[in-house]
Every structure is written in C-alpha cells, then in structure tokens.
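Asker: Same order as they appear, the protein sequences are chains A and B. The opening residue of the first sequence carries number 28 in the numbering used here; numbering runs sequentially from there. The opening residue of the second sequence carries number 28 in the numbering used here; numbering runs sequentially from there.
Check each hint, because a few of them may be wrong.
[To be verified] Which residues of chain B face chain A? A partial, calculated answer using Cβ under 8 angstroms:
id	residue
1	K40
2	P71
3	Q101
4	C380
I should point out that these hints are in silico values taken from the structure, not numbers from a laboratory. Just so you know, these numbers come straight off a predicted model, no measurement behind them. Ideal Cβ positions, reconstructed from N, Cα and C, are used throughout, including at glycine.
2 protein chains.
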Amino acid sequence: MSFRFQIEARDDKARAGRLFTPHGEVQTPVFMPVGTVATVKGVPQDTLEELGVQILLNNTYHLYLRPGVEMVRQLGGVQKFMSWDHPILTDSGGFQVFSLSDLRKVTEEGVTFRSHLDGSSHFFSPESATAAQIGLGADIIMAFDECTEHPAEYARTRASMEMTLRWAARSKKYFEEHKQEVPWFSGGLKSAGDFVEGLNDTAKAVPLQSERQGLNGKADAVPIQGEGQTQTLFGILQGGMFPDLRRESAQRTVELDFPGYAIGGLSVGEPRPMTHEMVNAAIRFLPEDKPRYLMGVGTPEEIVHYVAQGVDMMDCVLPTRAARHGLLFTSEGRITIKNARYASDESPLDPNCGCKVCARYSRAYLRHLYASNELLAQVLNTIHNLAYYLDTMRRVRQSIELGEFASFLSGFRAPHRASQSAEGSCNSGSSES
Amino acid sequence: MSFRFQIEARDDKARAGRLFTPHGEVQTPVFMPVGTVATVKGVPQDTLEELGVQILLNNTYHLYLRPGVEMVRQLGGVQKFMSWDHPILTDSGGFQVFSLSDLRKVTEEGVTFRSHLDGSSHFFSPESATAAQIGLGADIIMAFDECTEHPAEYARTRASMEMTLRWAARSKKYFEEHKQEVPWFSGGLKSAGDFVEGLNDTAKAVPLQSERQGLNGKADAVPIQGEGQTQTLFGILQGGMFPDLRRESAQRTVELDFPGYAIGGLSVGEPRPMTHEMVNAAIRFLPEDKPRYLMGVGTPEEIVHYVAQGVDMMDCVLPTRAARHGLLFTSEGRITIKNARYASDESPLDPNCGCKVCARYSRAYLRHLYASNELLAQVLNTIHNLAYYLDTMRRVRQSIELGEFASFLSGFRAPHRASQSAEGSCNSGSSES
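One chain only, chain A, in its complex shape (with noise of 0.2 angstroms):
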C-alpha cells in the first residue's frame, strides 16, 4: 500500500488526520508550501525541516521546462533531487499553462502551449501531463484538468468541467497503466545510480535520510513496506462559481474512485464569499475518508476556515511571496517592513513567535535590510510567514484534537478582513514566479 488516509480526531466538519506516503507521514490539516522549482525560493532545506514543514508542493509545468522531466527522473525524482527526504505533491501543470504560458490552444487532446521562458512549443495531454508527474515522482500527483476561466458563463462552465471529468478518466488510466515507472518504485527510494547505466556509482551525493535508515525508520510510521511503491494519484473538482455544477463535478469525479480529491478552479478572482460557498457546495459530497485539498489558497485566517468546511490539505504562494515584498504575517495583524515606524523599532517582528527570525531579530534591522534591499530581508521574511502559516496548522489541530477548534475558530481574525484586500488572492494550483 502506497497511501493511506486517517482521520484521527473530527470537531464539527473539521478534521485531524494523518497521511501516509512513501517518502513519510503528513499530519493534516496541512498548509503546504510552494516550492516551485523545486525550491522554497531563498529557504534551504534544514530549515523548512526545522519550521516543520511536512510536504512542499512543486509544479509540473516548471519542472517540466527546467530542469526536464527526464533530467529528475534520471536523478532519482524530485525528492532526491532537491534533497528533501519527505513527502512531496506536483500539481498537474493544467493551471500554470492556462495562467502563464502564451498562445495556449485547447482541444479535447489536450492543450498546445508556449514555454514562457523561451517560447518553445509544447503539449500537455492528460496523459503526458500524468507521464511528467510520474517521472518527477512527488509522492501525491494531480489529475490533468482545465481551471475554468473566471468569470464563465454556465454553459462554458460546464463544457469545462465535463472535459475535466474525461481527462481525470484519462489521467487515471494513464496512471494505473504506468505507475510503476516512477523513479522509486523498485524498492522504494533507490539512488538514480541504480537505474540508469553510466552514471558512477562513487559520484554520487550523500544518500537520503531513508536510504540510510531504511523506509519507515520512524517508530510512529505505519508500515508502507516492500518493493512496488507508486505514487497517489488525486482528482481534481472544478465547476466555476455554480453550486450545482460543484456538487455534479464532486459526484461524477468520486465515481472515478480517487484516494484524495482537490477542489481547483477557486481563488481566482472570485469574492471570499463566493470561495466559501463553492467549497461548501463541493465538499458535502466527498467521501469522509478521503482527504480534501483546496489548490491555492489562502490567507491566515481563510485557511482556518476552510478546515472548519472539512477541508485537510491547502497550498498558496501568499506567505513566500508576501514575504518578498515585506509583507509579513503576525499575531497582532499584517506588518508592511518598509515603513518607516520601524525603523527604530527594537521589538521582534512577533511577539508571540517562536520563530528564529523573531528569537534574533529586530523589526529595525528586518526593515533596514528590506528597506536596502537585501537578499537576507527576503530569507528571513520568508522563514517568519512560513513560521506563521506552520504555526497557526499546528495550533488548528491541536484544538481539533482537544474538541475545541470552534472557541479556537472564534478567536481567529475574521477572513472577511483579509478578503477586503488584494493581499488575500492567491491562484489556484499557484507556483511561485
């Protein structure tokens, strides 16, 4: 068995769960950072272990142009590749052609895009979208769809979703026929060196933390043992803002029988409001034992609230791109760095993180290397939101697990707050740019 879901604890619709994969055990619900290129952009991967960051998410249509699929296959998947000994998710590449590459052309096949690096010619089929995903080989993969464009007509809207229904079947098979050819599958996490002639096998880096250990090294890790381990492969809901087409794409996608299902097309212009009514609309009809990813949102205080809708797992670029821009998440609300009240001010950025950028630092020196433009205010703005988001998961389920997630849910920052402001958009299947 190469996955497996547990719910270990229910307040209300919300969850406290546990996944199992191969690369590891995820603790849901779970905020998933955005690695992009196979990089959480300025964090190295010590550190993300030490936020306790339990699964990053990378995208497909990035890895797919650079390095190449095949270059990550080559190297042992994307795990290995970037030296992250944990659980891993691609997207399938479906949102970043819509949203990022020029002269896209969509057909029942599939769809024709321009690289926007270079703009090189390429497509993406639900089937060569799936082989991509398999050849990185994140543990957790995605079913090709379409992100219906918003707004969309109903008509539209529903010729969108069913041509998603026919490419999840497509995925699927395309999935179960080939899922064998992930990097790791013969004995689970193998050095490249195992798999492709020529390389040497005295050249090759340090060996991962499972390969040391063994899989499973953990006393808390339920046994995935053995050769043959595949990846997951999740579906993917869309159905614009109608709520009866949500609630059809739910039901027709889980006739399909995926071991995890991610609702896609929201957060993507859309009203809060609206946000919360489409997941309302979706989730009440996915099975209880599978979990729910919600792609690409949201702020601190949404993705409290969509735990509180049953939702287990979310991704979002919002706290590693804000950060950037010195735009930082505290206890006490929002802190733009650059202003210049902070300049003099000695007090950590949060006074109730434990973080290490607010164990060390004052706001006068994260403003003064903001404000000087420093590679460091990026690094360390970056550490701090991640710190924030991981820290806010952790205290959900913990009061998920105590019975009180709904006094917890009371004392959180109203999400309409967030909602008033562009700060809270976060696309769907979001990659990092």
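Since the structure of chain A is already known, use the hints to place chain B on it.
Answerer: Coordinates of chain B only, in the frame set by chain A:
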C-alpha cells in the same frame, strides 16, 4: 583593557594568535567575511555562527548612508543592531568614498563626496569618519586614509602617503578624545534602551548572549571586564607600489603607536607578485607583537601565502561575490556551477568539504538553482564558499601550531594560478554591492 593580542605559535614568519575584543575572541590568522550593510548577503547570522565565522567586516560608508550612524547608535551599536554577539570590524569609509561615490573632492581637511544611492552630498574627515565608526560601535575600527590610486607616480604616492599619516594622527587624536562615546561603553554591552530616552524598555528585542550571560561568560576568555570598554583603532599603511614608501609608511605609522596595523592600498589592480612585494616591504617594519591586517585580499591560495608573510587578518568580498555569480572554490579547484557538465552530476560540490551544502546537495541541484536564477543558489553558494575559506584558515592555523605550515603551504595550490585571472582581484577596503 579593551583589546589584547597574543601570539600562541610561530612557524617561520607565520603566526597563530588570538585577539581579545569587547565582543569576544578571534583566533588568528583570520579571514573576515564582508557584511557590508550589517549582513553577509543572503546568510542568516546563525548560519554564520555554524560556519565558525569569528569576526565580520562592516562598511562604514554604507552604514553611514543607510540606516545612518545615529540610528545604529540608538539601537545599541552594530553588533546589537544585526544581532551578532561577536566581534565586528568597520573599515574607515575611505576606500568606498574613493571607489563608489561621485564627484569627490579631496582636501587636507577631508573628502567631500556624493552618495552612490541618491547623490546627496557628504563630508568625511579623519574626525567625522572616526566619529561615525564610534557611533557604529564595531570592536575594531580603522583610521581614515586615502587609498592611493593605481597606477600613481612617486611624488603623488608620497604626497598621498604623507596625508594619510597626518590623517592617522588626527583619527587617533579624535578617537582618544571621544572613545567613551561608543554605544556600549558604560557597563559593557547594554541595550540601547539604557542610553536613549523615550524608548520603551518592554519593547526590546531578545537580549544578546553577552547580556544574558554577562560578558566573558566563556571559560576560555581572558577577562576584559568592568565598565568603560572602548573600541580599538588600527592605523592603515599606504605607499602605493614603491617599497621605500611602504617602508616609510610602516615606520612612521608605527611611531604613531596603534594597537594594530593594516596594510591598505593593495589589491587595487596591480599584479599579484607586486602585492606580495609590497606586503613584504611593509610588514618587516611592523612590530612583532601587534596584529597585522592586510585589507581586501584575496583568493584562497593568496591568503595562505600572505599568512606565510606574517599577516594575521584579511577580508575580501571574493568568496561571497563569486558565490553569487556561481564561481565556487573547492579542494579540487574552481567550479563554474552554471556549466552544463554539472546538470546531471550527483556528486557533492566538494567531496572534501564538510559544510552543510556539500553534505546535502548535489552539483546537479546547485546547477539547477543557479540556471533557474533561484535565490537559494546565492544562499547555498555563499555558505559553501565561506565554509571553504574558513576551513582553509582553520587548517592554516592548525599547521602553524603543529609547526607544519611549510609543508601545508607546499601542498596548497600555487597562488600564481589564481593571479592569472580577473577572479583574483579583490579591492582593498572592499564592500559588497
């Protein structure tokens, strides 16, 4: 006593010693990474500590312009400002004024210059540059000098050297009269809140280690106790490319009696054999019992050979700047990481390096990060290059202690190989831009 230097071992002209400063000890010979505006670009301070960085160089010119001397002084000095509870050295600002600013006008009184940031007009004299350094509060500060341009005629070089001597005397006079104004003078390392009215004590950042433990909490520290600690002012030699002027500059600066001497005005475009000749011409006239600081050098091969000439301290932007441009120093030679040959190279950057970059990442991944223009490339490359420099200096020191420096030196790559290329150039009094 605020400063002391002791020599602990000698091997021919090379010396292994120890500097004692108000913010801690420094084992020599030492390489000082450049942290221009109170940050080593892209590297958090805890990583610098992990690397074993003992002392940083900050640039007075840059900090004077941004965030400003008064701001740093109010915040307790540069150590507290950047949360670096270890020694710091600031340069005099002289080199940056001559190399970075526009429309400078030099008179006997000082230098009028325009900021490279906004064109605003400023004036540095020996007095005002020393005042700026007292306000910044580094442990070791430098007399204001004129860095003679290269090439320069004999008469011009002599005149410049004479002015630097007069400026050295003025710098020293000002320093002696004002050294008690250093931000941490009273009672050693105190929070700025003790000095500046109107600051809220409750808003202080986490106290520095020295505040928590008391100064000299380390068992092996030689006591520098009590109230009234001050900085230490070093003199700077000039003399261009004329051995007799180098000798005269050394002798007459020594007559002014500084606790340490820097050799300035080298690595300004001259061929490397000439640099060595000028170091040799000057250093023999410096007192044995005082530290010697060769400013703005050099490649790994060069710094080892300067130690052989009797140099105790060096700084250079080369490891950090080269790292950001993808040039990496390894025990097997230089690596230009963007080269396609590394795209599928699973081996570590340097198989003989124990740094956290070499322990975790492959050349293929580092090449991908660099080719993708990712922030993490600059961060990881910088960490490795600093590790290589610092490890080199540790091995140098150990070989001196063991009386094996000559054999270490002969096994090290010859410096002339580096001198053939532009990469070896590292300007005196250097700063990162």
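Asker: Now look at each hint and say whether the structure bears it out.
Answerer: Results of checking the hints against the structure:
{"no.": "1", "hint": "K40", "result": "38 angstroms, violated"}
{"no.": "2", "hint": "P71", "result": "6 angstroms, holds"}
{"no.": "3", "hint": "Q101", "result": "6 angstroms, holds"}
{"no.": "4", "hint": "C380", "result": "12 angstroms, violated"}
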